[in-house]
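Residues per chain, in single letters:
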Amino acid sequence: MALNLEDIRKLLPEVRSELFGKPNVVATGIGYKVSAGKQTEELSIICSVEIKKKKQALTEREMVPPTIQGVTTDVNPTGLIRALQDPTGRFRPAPGGVSVGHYLITAGTLGCWVKKSNKTYILSNNHVLANSNEASIGDSILQPGPYDGGTVANDQIGILSEFIPIEFTETVNPCNISNSIASFLNALAKMIGSKSRMKSVRVQAADNLVDCAIAEPLDPNDVKNEILNIGNILGVENATLGMGLKKSGRTTGYTTGTVQQIDVTSQVSYGSNKVATFVDQLMAGAMSEGGDSGSAVLSDNNKIVGLLFAGSSTSTIINRIQNVFQALNVTLP
Amino acid sequence: MTEDQQKIREVKRKYEREWLSINGVVGVGIGILTDKNLGIMISVTKVDEQIRKKIPDEVEGIKLEIRETGEFKAL
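Protein chains in written order, with the working numbering: chain A, 1 to 333; chain B, 1 to 75.
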């Protein structure tokens with residue numbers, strides 16, 4: 001008998017407790033019945049189960065009946081349904097994808113665990129673990145980060161081991177001041193008859209490839225070598241145009257995107273008039289917000305391709321993981 | 001890498017510093033343009049006439065496309 005959606009919706013609360021009484025049922029809902037792998041047009045009550053068992057393995061009481069109060073049922077194996085865990089919480093052991101930060105910053109993301117000389121380290125950005133060059137080696141690293149309630153007394157997960165300094169460009173119009181100094185000196189030079197004249201120039205700072213750092217855990221038992229809501233990293237891959245991407249980060253959690261640009265040279269603002277130029281970057285669409293910095297970026301087949309560090313409302317900028325691993329001389333564990 | 005990509009990369013390297021010195025230009029990269037061809041993408045904080053005047057549609061046979069991204073910030 002085919003009932004309409006409204007009828008079934010009214011009926012569902014009445015039969016729900018009976019269905020949840022079956023040992024494997026983890027969820028009930030309304031949907032089109034799937035028969036022999038194909039979706040039919042018949043609305044049914046769908047019971048999600050951890051594992052679909054053979055009829056012979058179940059007693060009649062345990063079995064989901066083919067119909068309940070005249071409505072067809074369907075059984076759909078979904079596995080155990082877990083709440084997606086909040087990445088801003090405290091995790092011990094800690095996986096990638098959760099809040100982390102130097103004790104003087106707000107919060108960023110623990111990218112993943114990496115290996116160097118047989119020791120395991122947290123990988124994230126310089127501006128997350130080393131406070132944009134301002135930190136000292138040995139400084140406290142907190143999980144969760146300070147903005148998420150982490151304190152030095154209770155939540156120190158490790159200490160800063162190493163960071164690749166970011167080269168910032170002077171951009172705050174130093175030219176106005178230096179130009180006037182130069183013209184003053186030139187006037188002076190003219191007066192004293194010197195032939196040489198000065199010109200103010202903007203010093204071109206070195207290009208950056210990476211914004212990265214590593215921190216050593218205080219307790220090796222705190223290492224959980226996987227990424228929250230993604231799982232294990234299955235290797236390293238070279239990112240190419242159009243490649244599908246995913247990440248798990250402190251602020252926006254699990255998101256996906258695609259490589260829209262490669263070989264990107266871009267200017268990135270670090271606040272308080274600090275700007276740095278990055279080369280050989282990857283650009284993806286909007287898949288991140290403040291606090292996602294440091295997230296490991298993976299391909300569709302769960303291989304690591306990058307380290308997320310910057311972006312705008314429309315775009316995300318990612319270091320190539322090969323440049324990160326090479327700069328820090330690390331590998332996957 | 002294809003010959004096309006190599007040529008685009010060369011042209012990009014040759015001009016990118018000049019483009020990045022234009023006020024409002026924050027990124028230069030290689031991507032797939034609206035016409036589905038590979039070309040150079042210019043990221044700008046805001047598209048305006050000044051930028052349109054200074055960024056050509058094509059350089060040495062390579063197409064350029066301007067894309068408004070806003071400012072890039074460390075996240």
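There may be inaccurate statements among the hints.
Listed next, the in silico BS3-like pairs over lysine-lysine satisfying Cα-Cα at most 25 Å (straight line) [as the list claims (entries may be wrong)]: (1) Lys246/A - Lys36/B; (2) Lys274/A - Lys7/B; (3) Lys73/B - Lys246/A; (4) Lys63/B - Lys46/B; (5) Lys52/A - Lys33/A; (6) Lys274/A - Lys46/B; (7) Lys7/B - Lys46/B; (8) Lys73/B - Lys36/B.
Source of the hints: derived by calculation from the structure; they are not laboratory data.
Predicted, not measured: the structure shown is a model, and the values here were computed from it.
Quick rundown of the hints versus the structure:
1. About 24 Å separates the Cα atoms of lysine 246/A and lysine 36/B, which keeps this hinted pair within 25 Å; it holds.
2. Among the hinted pairs, lysine 274/A with lysine 7/B is inconsistent with the structure: their alpha-carbon atoms are about 33 Å apart, more than 25 Å.
3. Among the hinted pairs, lysine 73/B with lysine 246/A is consistent with the structure: their alpha-carbon atoms are about 20 Å apart, no more than 25 Å.
4. Among the hinted pairs, lysine 63/B with lysine 46/B is consistent with the structure: their alpha-carbon atoms are about 20 Å apart, no more than 25 Å.
5. Restraint check for lysine 52/A and lysine 33/A: the C-alpha separation of about 15 Å stays at or below 25 Å, so the hint holds.
6. Between lysine 274/A and lysine 46/B, the direct Cα distance comes to roughly 20 Å. Compliance with the 25 Å bound is thereby established for this hinted pair.
7. Between lysine 7/B and lysine 46/B, the direct Cα distance comes to roughly 28 Å. Violation of the 25 Å bound is thereby established for this hinted pair.
8. Using a Cα cut-off of 25 Å, the hinted pair lysine 73/B and lysine 36/B is violated, with the two alpha carbons roughly 28 Å apart.
Hints 2, 7 and 8 from the list above are not met by this structure, while the remaining hints are.
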